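Enquirer: For the record, the sequence lines run as chains U and V.
Last residue of the first sequence: 88 in the numbering used here, with the numbers rising by one and none dropped.
Last residue of the second sequence: 524 in the numbering used here, with the numbers rising by one and none dropped.
If you are wondering where the hints come from, they were derived from the structure by calculation, not from laboratory data.
A quick note: this is a predicted structure, and the numbers were derived from the prediction, not measured.
Note that the Cβ used here is the ideal one computed from N, Cα and C, for glycine as well.
It cannot be assumed that every hint is accurate.
Quick list of the computed label-pair ranges, beta carbon to beta carbon [claimed, not checked]:
hint, chain 1, residue 1, chain 2, residue 2, range
1, V, Gly415, U, Glu17, 30 to 40 angstroms
2, V, Asp247, U, Asp5, 34 to 44 angstroms
3, U, Glu62, V, Arg15, 43 to 53 angstroms
4, V, Arg52, U, Asp31, 41 to 51 angstroms
5, V, Asp435, U, Lys26, 22 to 32 angstroms
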Amino acid sequence: MKNIDEITTEVLNWVYEKFPLAKNNKISDNDSLLESGIVDSLGILDIVAFLEETFSIQLSDEDMVADHFETVRSIASFTHIKISGSNM
Amino acid sequence: MRFLIEHMLRDSAERYPNKDAIVAGDARLSYSEFAQRVTGLAVSLRKLNIQRQDRVAVFLTPSTDLPIAIFGALQTGAVFVPMHHGLFPEQVVHILNDCGAKILITDSMRLKKLAPVIDQVDHLETLIVDKVLTKSKLQQHDFAELSLPISDNIKSCSIGKDLAAILYTSGSTGRPKGVMLSHNNIIAGAEIVSEYLSIRSTDRLLAALPFSFDAGLNHLMTTVLTGATTVMLEFKFGREIVKKIMDEGITGMGGVPSLWSLLAQPSSGLGKQPLPLRYITNTGGAMPQHILTKLRSLLPATDIFLMYGLTEAFRSTYLPPSQLGRRPTSMGKAIPNTEILVVNRNGKLCQPGEEGELVHHGPTVSLGYWNQPELTAKVLRPHPITQPGRTSGDMVCYSGDIVKTDESGYLFFVGRRDNQIKSAGFRISPTEIEDVICRLNPIQQAAVVGVPDAVLGQHLVAFAIAEDPAETLDPKEILAKCGSALPRHMLPRRIVLVDDLPMTPSGKVDYPKLTVRANSGVKG
Numbered sequence: 001m002k003n004i005d006e007i008t009t010e011v012l013n014w015v016y017e018k019f020p021l022a023k024n025n026k027i028s029d030n031d032s033l034l035e036s037g038i039v040d041s042l043g044i045l046d047i048v049a050f051l052e053e054t055f056s057i058q059l060s061d062e063d064m065v066a067d068h069f070e071t072v073r074s075i076a077s078f079t080h081i082k083i084s085g086s087n088m
Numbered sequence: 001m002r003f004l005i006e007h008m009l010r011d012s013a014e015r016y017p018n019k020d021a022i023v024a025g026d027a028r029l030s031y032s033e034f035a036q037r038v039t040g041l042a043v044s045l046r047k048l049n050i051q052r053q054d055r056v057a058v059f060l061t062p063s064t065d066l067p068i069a070i071f072g073a074l075q076t077g078a079v080f081v082p083m084h085h086g087l088f089p090e091q092v093v094h095i096l097n098d099c100g101a102k103i104l105i106t107d108s109m110r111l112k113k114l115a116p117v118i119d120q121v122d123h124l125e126t127l128i129v130d131k132v133l134t135k136s137k138l139q140q141h142d143f144a145e146l147s148l149p150i151s152d153n154i155k156s157c158s159i160g161k162d163l164a165a166i167l168y169t170s171g172s173t174g175r176p177k178g179v180m181l182s183h184n185n186i187i188a189g190a191e192i193v194s195e196y197l198s199i200r201s202t203d204r205l206l207a208a209l210p211f212s213f214d215a216g217l218n219h220l221m222t223t224v225l226t227g228a229t230t231v232m233l234e235f236k237f238g239r240e241i242v243k244k245i246m247d248e249g250i251t252g253m254g255g256v257p258s259l260w261s262l263l264a265q266p267s268s269g270l271g272k273q274p275l276p277l278r279y280i281t282n283t284g285g286a287m288p289q290h291i292l293t294k295l296r297s298l299l300p301a302t303d304i305f306l307m308y309g310l311t312e313a314f315r316s317t318y319l320p321p322s323q324l325g326r327r328p329t330s331m332g333k334a335i336p337n338t339e340i341l342v343v344n345r346n347g348k349l350c351q352p353g354e355e356g357e358l359v360h361h362g363p364t365v366s367l368g369y370w371n372q373p374e375l376t377a378k379v380l381r382p383h384p385i386t387q388p389g390r391t392s393g394d395m396v397c398y399s400g401d402i403v404k405t406d407e408s409g410y411l412f413f414v415g416r417r418d419n420q421i422k423s424a425g426f427r428i429s430p431t432e433i434e435d436v437i438c439r440l441n442p443i444q445q446a447a448v449v450g451v452p453d454a455v456l457g458q459h460l461v462a463f464a465i466a467e468d469p470a471e472t473l474d475p476k477e478i479l480a481k482c483g484s485a486l487p488r489h490m491l492p493r494r495i496v497l498v499d500d501l502p503m504t505p506s507g508k509v510d511y512p513k514l515t516v517r518a519n520s521g522v523k524g
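Use the sequences and the hints to build the structure in full.
Expert: Structure follows, in structure tokens:
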């Protein structure tokens with residue numbers, strides 16, 4: 001199973017590719033994506049689709065909160081929990 | 001007598017002084033507070049030497065400051081120029097230069113991003129911000145200080161025919177153009193729309209669309225006209241919208257297709273509990289049928305109005321909810337006090353089923369494009385049907401949208417006459433994107449087309465030819481460079497490097513052919 005750091009790298013690379021502003025602003029895994037306006041409401045839908053496809057997880061309604069999507073690190077950590085959950 | 005936009009506010013403040021006018025987050029302005037802050041700002045703008053018809057640009061996120069800025073500018077006799085809060089410095093500077101704004105009202109976060117370029121804007125004299133920055137050479141003032149409440153009323157010497165707003169929007173070529181709207185246009189739009197949506201002072205409407213967009217601005221104006229409440233919201237998740245609707249008792253809201261797609265996601269929680277929503281309206285592109293079906297089942301007690309409008313004529317048609325079952329893909333018929341014609345290439349009226357251009361005739365036909373008389377003359381033209389008593393000054397708006405009607409006169413959208421793209425409710429000019437691709441990358445020529453997208457309406461695909469055919473370019477790198485100059489809605493989803501582009505016999509890029517290629521997903 002992937003650990004948090006591996007997931008973080010994977011998410012960060014994808015975010016860099018899909019949100020060039022994140023790359024240009026040298027956003028790190030602990031920098032804000034939502035507050036900074038880099039990711040908007042439609043961007044979140046793209047992130048959800050990416051996570052579900054890449055990590056074979058299913059996000060529930062309760063997962064859709066700002067805390068989970070604020071930074072690449074927070075995305076990775078709740079994704080990690082989802083993966084662990086689905087493997088149990 | 002009511003002939004200026006600010007008169008609508010004056011009247012509502014007299015009739016409903018203690019009613020909520022604007023709600024944004026925890027901030028609430030009653031109509032009397034709203035009117036007094038507006039007057040305070042207007043008095044301050046006068047002191048800053050704002051004259052009748054000067055341009056005041058407004059670049060703010062949804063907050064109570066935004067409507068105060070708009071009405072404050074109007075009350076001095078100035079023209080307000082609202083800019084979408086998501087624009088990048090590149091687009092903002094273009095708009096400021098193009099309209100010759102004397103004052104920019106913005107916030108410190110946006111000003112920081114603008115700081116490296118703001119001093120180069122011609123004509124700009126003053127910045128009004130929530131927090132004064134030390135960096136700029138321009139004089140700066142604090143918004144809150146300038147808009148302290150004043151209970152007097154100051155009057156401008158404007159008349160209803162005067163320019164009131166310039167809304168920037170894209171065409172099929174070049175950079176965004178400013179569509180000029182008069183006081184008369186905006187008041188007529190507010191009266192017409194509040195008539196067919198039956199908006200009352202008891203309504204509480206959610207402003208999910210930006211005021212830089214004609215439908216969003218119209219929303220604000222309908223609430224001020226009727227004494228209803230505007231609830232402003234910046235959102236990231238569908239469930240935030242649903243929560244706001246519950247918490248604030250929202251009775252009506254307008255959206256674009258991408259917003260409804262967001263709300264139709266199960267995670268938004270829409271439909272889990274009955275909502276106070278009396279109606280919703282869609283504009284800015286056709287609502288996808290599967291989303292419409294979902295919304296109808298999730299919101300059985302809510303009327304759904306499908307609307308159509310273009311900035312150049314403000315608002316044009318709507319489909320009454322009673323027709324939704326029979327004609328779910330129709331744009332409806334003309335709004336009240338408006339005539340919509342379908343005209344063929346020979347300038348004759350089309351028969352039912354015959355495709356032609358939608359032509360709008362009515363009180364919301366704009367004054368044309370700011371500083372672009374030639375372009376204006378292409379879009380605003382004399383009425384195609386000559387009739388005794390019709391004067392040559394009575395202009396109609398040629399929309400560039402190809403439509404047809406059924407036997408009962410209901411309109412159906414067919415396509416664009418030109419290459420304009422519409423994504424997430426935004427109009428996008430391919431050439432504006434192509435110019436950025438070529439300017440920031442070793443690309444000699446690019447062509448951008450729109451590809452159907454279930455959420456956005458269309459998304460962008462770019463085809464590009466490298467300057468040096470021997471060099472291998474990375475499309476991801478090209479996109480990353482463009483991402484520094486273009487907001488995400490203007491950024492191509494993918495870039496396809498090609499050796500040549502299909503051309504028409506007259507030597508122009510053959511966009512229809514390229515669109516077919518992009519649709520079929522053929523690479524290269």
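Enquirer: Could you run down the list of hints and mark each one as holding or not?
Expert: Okay, the hints, checked on the actual structure:
no.: 1; hint: V:Gly415 / U:Glu17: 30 to 40 angstroms; verdict: 32 angstroms, holds
no.: 2; hint: V:Asp247 / U:Asp5: 34 to 44 angstroms; verdict: 39 angstroms, holds
no.: 3; hint: U:Glu62 / V:Arg15: 43 to 53 angstroms; verdict: 44 angstroms, holds
no.: 4; hint: V:Arg52 / U:Asp31: 41 to 51 angstroms; verdict: 46 angstroms, holds
no.: 5; hint: V:Asp435 / U:Lys26: 22 to 32 angstroms; verdict: 26 angstroms, holds
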